[in-house]
Amino acid sequence: MAVTTLVRPVAEVAPPVARRRSSPTATVLLLLGAAYCLLPVVWVLVASTKSASELFTTFTFAPSTHLFDNIAFLTSYRDGLYWRWMVNSAVFAGGGAAVSTLVSAMAGFAMAKYDFRGKGLAFNLVLAGVLVPAVILAVPQYLLLAKVGLTNTYWAVLLPSFISPYGIYLCRIFAAATVPDEVLEAARMDGASDWRAFSRVALPMMRSGLVTVFLFQFVAIWNNYMLPFIMLGDDRLFPVTVGLSGLLNQGATQPAMYTSVVTGSLLSIIPLVVLFLTLQRYWRVDLGAGAVKA
Amino acid sequence: MRTRSAPYLFLTPALVLFAAFLAAPIVYAGYLSLRRVKVSGLGLGAGARSEVWAGLSNYSRSLTDPEFVPSVLRVGAYGLIVVPGMLGLALVMALLLDAGRTRVGTFTRTAIFLPYAVPAVIASLLWGFLYLPRVSPIVDVLSGVGITAPDALSSSWVLYAVANIAIWGGTGFNMIVLYTALRAIPTELFEAARIDGASDVQIALRIKIPVIGPSLIMTFLFSLIATLQVFAEPMTLRPLSNTISTTWTPLMKVYRDAFVRNDVYSAAATSVVIAAATFVISYGFLKLVGSRAFSQEN
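Line by line, the protein sequences are chains A and B.
Heads up: the first sequence at position 133 corresponds to 133 in our numbering, and the numbers run straight through without jumps.
Converting from the second sequence to our numbering requires adding 1000 to each position, the first position being numbered 1.
Hint data in this document are derived by calculation from the structure and do not stem from the laboratory.
Possibly wrong hints are sitting among the right ones.
Said to hold, decoys possible - Here are the simulated distance ranges between beta carbons:
| # | chain 1 | residue 1 | chain 2 | residue 2 | range |
| --- | --- | --- | --- | --- | --- |
| 1 | B | T1064 | A | A72 | 46 to 56 angstroms |
| 2 | A | V183 | B | A1198 | 42 to 52 angstroms |
| 3 | A | S23 | B | P1150 | 33 to 43 angstroms |
| 4 | B | P1210 | A | T25 | 15 to 25 angstroms |
| 5 | B | V1037 | A | V211 | 43 to 53 angstroms |
Every residue, glycine too, gets a C-beta built ideally from N, C-alpha and C.
Bound conformation, chain A alone:
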């Protein structure tokens, strides 16, 4: 067996065998797991409806009526700074993921479909990049970017997120699995340049894999804390993660800020939850398939 689809739609595979007796144990265990995972989410839904005085006094899961007051208060905080953080997060994650997906697709395509000197070296670099994540290097990255005056700008967060060794690794597998050599050969026979063969023939064939790479990178950047925390000093450039953890720090002296932290946390997870639920079918990632070689 050659290779190795890393991501494959699974719904079609494995049709349910004859309907089997349902097991109460399985149901109870799964519901317990779901309850554990939903607990903080349910809490933040309830807590964001509480006023500052109720937050620490009423029963944990007793809802109140102050959700819109809390949102209005959060919005008024320093002229809507919170919403700026949300926009910043969207810019970092959307821009960073889009560019890194294209960069990864090009590199993965080259590594899967061409033979060239240095291919082995390129692959080992990718592997090293997967095994040693760049965030460990956030401090030296900061020191280097400071030398060229790019710290405390959007670029300080965007540029390092343009490169994703894991994205390249995935794209290499997608290109190998989904783009047949004959199709590329045919495109070349018709006089297409290498770039045209890539952009008009290979990219559309790799599309569903590229959506997965984009989502991976989007979530990684959206969730990243250390890089923007180190790179940015001006709080108007913060993504929502760094902004909210700063707000929590203020809670120590202004307890009213706790309500804003809670409400802000709730609002900040809505976009990603929606993105997840709508794109769930792209999350059928089979990390291990890359390793199965019989």
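Guided by the hints, dock chain B onto chain A, whose structure is given.
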């Protein structure tokens, strides 16, 4: 027909970015880790402070720092809780879903995956509040039956409190990875066993788990790498707890040395040590299990 330069042109953006944001920082960190500031005279005025070679003194200072070893041990203990806890839970949930003997499969799968959409910082904020005795429902429940619950953020519990956040955040993603691998197993592999009367548990242990071994290895590897760089959770919990020091994890120490103490040389040395240790551990693990994951040939 094929242009010989084409693959290099396709690789150029990735190579440039790799050089600038991965290779250069590690080289620069290596350089800085061998340098120090020499102060001449009273250290006043221009030219009184100059950078000189320091040999390995930054490394010996960083490795013998009384706070470094405890932070490494702490992350080791944290990893021993998080990695088996998270993957064990993910595997059990994935097997239960795959056995298909429940009507709540779609709902529970979505619910358990949901925390992946919550950034570590937000997860830490939410759990951080839930840990506060005034908010915690667990404290309410336990005091209802006459037990005084321990403070989750006290020094003896805080490691578990942080580990719980990581387990909560990571179980769903790993479950989906393992579940996808399980769904891809051809049913013929275990139909015969089932007809022979093997139970679901036996099928899971004898057939399913060995078959998805490669997926388990990959999830283990990625969990291990994520554990070594834990930063966001303890940093976020710090305002709620006075038991998390500024050097609670190795990466927190790098941050403190670089930005609080302005000692970039020591921070660089520690960064190099962490990067090297991460590489040795993750690469060593791949070699140890003899995994052909990441093998190059197609």
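Results for each hint:
no.	hint	in the structure
1	T1064/B / A72/A: 46 to 56 angstroms	holds (54 angstroms)
2	V183/A / A1198/B: 42 to 52 angstroms	holds (45 angstroms)
3	S23/A / P1150/B: 33 to 43 angstroms	holds (35 angstroms)
4	P1210/B / T25/A: 15 to 25 angstroms	holds (23 angstroms)
5	V1037/B / V211/A: 43 to 53 angstroms	holds (49 angstroms)
Of the numbered hints given earlier, the model fails none.
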